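**Q** With chain C held as given, fit chain W onto it using these hints.
One-letter residues, chain by chain:
Protein chains: 2
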Amino acid sequence: MRPDALAGAAKAGARKLAHLPTDTKNKVLSTLEGLLLERRAFLKAENEKDIREARQAEMPAPLVERLTINDKVIDEMASGLRDLIQLPDPVGEIVKVWRRPSGLLVGRMRIPIGVICIIYESRPNVTVDAFSLCFKSGNGVILKGGKEAVHSNTALFGLIRESLEKEGVAGDAVQFIDTGDRTYLYNLLKLTDSIDLVIPRGGEALIRSVAEQSRVPVLKHYKGVCAIYVDEHADTKVALDVCLNAKVQKPATCNAMETLLVHRSIALQFLPAMAKAFVERGVRIKGCRRTKELVPGAEPAGEADWHEEYLDLILTVKIVDSMDEAIAHIGTYGSEHTDAIITTDYNNAWRFLREVNSSLVLVNASTRLNDGYQLGLGAEMGISTTRLHAFGPMGLEELTVTKFVAFGEGQLRT
Amino acid sequence: MRPDALAGAAKAGARKLAHLPTDTKNKVLSTLEGLLLERRAFLKAENEKDIREARQAEMPAPLVERLTINDKVIDEMASGLRDLIQLPDPVGEIVKVWRRPSGLLVGRMRIPIGVICIIYESRPNVTVDAFSLCFKSGNGVILKGGKEAVHSNTALFGLIRESLEKEGVAGDAVQFIDTGDRTYLYNLLKLTDSIDLVIPRGGEALIRSVAEQSRVPVLKHYKGVCAIYVDEHADTKVALDVCLNAKVQKPATCNAMETLLVHRSIALQFLPAMAKAFVERGVRIKGCRRTKELVPGAEPAGEADWHEEYLDLILTVKIVDSMDEAIAHIGTYGSEHTDAIITTDYNNAWRFLREVNSSLVLVNASTRLNDGYQLGLGAEMGISTTRLHAFGPMGLEELTVTKFVAFGEGQLRT
Numbered sequence: 001m002r003p004d005a006l007a008g009a010a011k012a013g014a015r016k017l018a019h020l021p022t023d024t025k026n027k028v029l030s031t032l033e034g035l036l037l038e039r040r041a042f043l044k045a046e047n048e049k050d051i052r053e054a055r056q057a058e059m060p061a062p063l064v065e066r067l068t069i070n071d072k073v074i075d076e077m078a079s080g081l082r083d084l085i086q087l088p089d090p091v092g093e094i095v096k097v098w099r100r101p102s103g104l105l106v107g108r109m110r111i112p113i114g115v116i117c118i119i120y121e122s123r124p125n126v127t128v129d130a131f132s133l134c135f136k137s138g139n140g141v142i143l144k145g146g147k148e149a150v151h152s153n154t155a156l157f158g159l160i161r162e163s164l165e166k167e168g169v170a171g172d173a174v175q176f177i178d179t180g181d182r183t184y185l186y187n188l189l190k191l192t193d194s195i196d197l198v199i200p201r202g203g204e205a206l207i208r209s210v211a212e213q214s215r216v217p218v219l220k221h222y223k224g225v226c227a228i229y230v231d232e233h234a235d236t237k238v239a240l241d242v243c244l245n246a247k248v249q250k251p252a253t254c255n256a257m258e259t260l261l262v263h264r265s266i267a268l269q270f271l272p273a274m275a276k277a278f279v280e281r282g283v284r285i286k287g288c289r290r291t292k293e294l295v296p297g298a299e300p301a302g303e304a305d306w307h308e309e310y311l312d313l314i315l316t317v318k319i320v321d322s323m324d325e326a327i328a329h330i331g332t333y334g335s336e337h338t339d340a341i342i343t344t345d346y347n348n349a350w351r352f353l354r355e356v357n358s359s360l361v362l363v364n365a366s367t368r369l370n371d372g373y374q375l376g377l378g379a380e381m382g383i384s385t386t387r388l389h390a391f392g393p394m395g396l397e398e399l400t401v402t403k404f405v406a407f408g409e410g411q412l413r414t
Numbered sequence: 001m002r003p004d005a006l007a008g009a010a011k012a013g014a015r016k017l018a019h020l021p022t023d024t025k026n027k028v029l030s031t032l033e034g035l036l037l038e039r040r041a042f043l044k045a046e047n048e049k050d051i052r053e054a055r056q057a058e059m060p061a062p063l064v065e066r067l068t069i070n071d072k073v074i075d076e077m078a079s080g081l082r083d084l085i086q087l088p089d090p091v092g093e094i095v096k097v098w099r100r101p102s103g104l105l106v107g108r109m110r111i112p113i114g115v116i117c118i119i120y121e122s123r124p125n126v127t128v129d130a131f132s133l134c135f136k137s138g139n140g141v142i143l144k145g146g147k148e149a150v151h152s153n154t155a156l157f158g159l160i161r162e163s164l165e166k167e168g169v170a171g172d173a174v175q176f177i178d179t180g181d182r183t184y185l186y187n188l189l190k191l192t193d194s195i196d197l198v199i200p201r202g203g204e205a206l207i208r209s210v211a212e213q214s215r216v217p218v219l220k221h222y223k224g225v226c227a228i229y230v231d232e233h234a235d236t237k238v239a240l241d242v243c244l245n246a247k248v249q250k251p252a253t254c255n256a257m258e259t260l261l262v263h264r265s266i267a268l269q270f271l272p273a274m275a276k277a278f279v280e281r282g283v284r285i286k287g288c289r290r291t292k293e294l295v296p297g298a299e300p301a302g303e304a305d306w307h308e309e310y311l312d313l314i315l316t317v318k319i320v321d322s323m324d325e326a327i328a329h330i331g332t333y334g335s336e337h338t339d340a341i342i343t344t345d346y347n348n349a350w351r352f353l354r355e356v357n358s359s360l361v362l363v364n365a366s367t368r369l370n371d372g373y374q375l376g377l378g379a380e381m382g383i384s385t386t387r388l389h390a391f392g393p394m395g396l397e398e399l400t401v402t403k404f405v406a407f408g409e410g411q412l413r414t
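Quick mapping for you: the protein sequence lines, in order, are chains C and W.
Going by my numbering, the residue at position 267 of the first sequence is 267; the numbering climbs one at a time, nothing skipped.
Going by my numbering, the residue at position 388 of the second sequence is 388; the numbering climbs one at a time, nothing skipped.
Just chain C, same shape as in the assembly (with noise of 0.2 Å):
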């Protein structure tokens, strides 16, 4: 199908799945839950064959794992819809109410974005997650996988359809692009008057060509480069535990800590015995002139340093005068992602709070909790850094949009 047909008709069929009941759309992601568990042979069959051209094609092993469907995706695919038929349906909710002089009840209510493109990379998960999220917020959805996941996500698309004809659900709202050509999806991501919503959800090189060539809005985050403060007053022994889980727990996250900033007043008691933790759990540190004084194995950090995102096992540190410093030093190479302070002092955990901005910002608790689970949203559609729409982890309100309701009595504009 032409970009503009094909985007066309995920626009018509969102207009029918705005008003789509609550019930109808659990029924669908029930159906589709039991079709995961009954057709697992056939998925990891049809999945077989992209791992195949994968190692024929020399995939680094990370990526083929990835890639992979085995039972533990399959299971993992099937909760998360169970988890999600819980969640309440943020459509048609009314979020707030007031009356005006004149008698008239004004409030705002939850309605669907419309359309939503989400291109994504080799996860061939992200293909029921997305559908699932859109589908309940009551969203078309066209989704763009990789190429590399064609199979897996030719066959997952064809249960989610499944699933839609079994209800009695048009499918139309629900578009699937096979084609690995870059002109078709740059072309589709033109057309504004069908397509509402873009969100890329793979590395930075993706999600910045997508940018680049989209005249949709896009919601995105490139990069989580994420700093932790440890205050002067702050209880050594929570900073020591939070830095530690933030840095190692799972280093390959955009919400794993990458820059410690310690005030020098507790640098001599904290720093040794915290380098010592990193250091017994194999990570690297490059260090600020005054770390490597009190951390001897620290290596240099050079400017490029405090920019990156290592995603691996290694940490910059810097030790900082003040709490000012450190604020500056996250406006200038921070990423707006997630960022920490541990301390016990009240005005000082408040004014952090308030003058770092970025997409969420904690008081004595780990980076990596920047996750729409961990938070409290349910699932989630990744997170975003643009400042606009939603700031932080996407979840199901994230992809609506409130219009203003207006109950009244005759009342006029005078």
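Don't read these hints as lab results, they were simulated from the structure.
Remember, it's a predicted structure, so these values are computed and weren't measured experimentally.
It cannot be assumed that every hint is accurate.
Intra- or inter-copy, both count: the list cannot distinguish identical chains.
[What the hints assert, rightly or not] As a list, the in silico DSSO-like pairs of lysine-lysine whose alpha-carbon atoms are at most 30 Å apart:
#, residue 1, residue 2
1, Lys223, Lys16
2, Lys237, Lys27
3, Lys250, Lys237
4, Lys190, Lys11
5, Lys223, Lys276
6, Lys237, Lys147
7, Lys190, Lys223
8, Lys96, Lys223
9, Lys292, Lys49
10, Lys237, Lys16
11, Lys147, Lys292
12, Lys16, Lys44
13, Lys11, Lys147
14, Lys147, Lys276
15, Lys276, Lys27
16, Lys16, Lys250
17, Lys44, Lys72
**A** Only chain W this time, still in chain C's reference frame:
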């Protein structure tokens, strides 16, 4: 200044503005109010230069009127500032807080968007309105007014800068572009690292050219083709009053009614009386075939008429067989701006409210009420029909976004 230097200065300035105390912001607004009143003669003299050039260029009279700064316009700008000072500062407001099972307290805190570029046409009062809304919400602003108003805007901008200086606020966050050079503007609209949002205010041609050129997200509305559906269960007295108000109270506005849809069961009882009232007020009626039978003076409405935003005393009228047909008509020809139903039927009222996804949907009230002041938002920055971030009138809150904040006691990711 080059576009990148100007936008960069605005961005750096905006970072400081984001944390300015409410009191300081209100003092600047109050100082500006005083200056506007004190420098009346200067403002009118500068404006006179624009008026003279406009007359020489044979600008049409209504446009010259919009360009004019007289005592009334000055008084309105000043009273707008007084009203804005009274409105709560949205920055730092925590809009929601919840506790996670781990004990982590999570909330959402309002922060400014960043730098907003406002592009407008010949009304010089927008210079003050746009600055003051962005300033109160902590945003940097780049003001680009029409070249016809360059003397007026330069004078007003001078007073804005003077107010900032008097209160010791660095002026970088507020920039003004006095060039009419399109290339300059288009280059500016590519600077996604420095500018977070563009709001064009004016005619459809201006808005379309900005939307086409901008790489920065744009909130806009192209036009308002607003409809009122008079249901079979309408109170005809309410219907008469509301429809007359929606059409004639100020026909040149985007929220004036352009299309009247009447259920066939009530048409005979309602439409002749309604048409009589319209004709008495000078409204030309273009109707469907059945309308013409009931309203002998009506002209025939062609396909193009249903799409048209007349902004004039012209109205299209269609008799429909059902509410479904009315909703379908609005879906096909409407602009997702403002639509209303007149009914006494509970189910029809709710169904219309739910199924018509325009930025404001009303029951038994005039479409003319779609306005920030009327709906109770206070001052507004225009109306958005973009279904992202803000849909409907944009007040102070719509010029902010929320970040997540989390108050912990050592919580980790496990």
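**Q** To test your reading of the hints: which numbers does this structure violate?
**A** Violated hints: 2, 6, 9, 10, 11, 12, 14, 15 and 16; rest satisfied.
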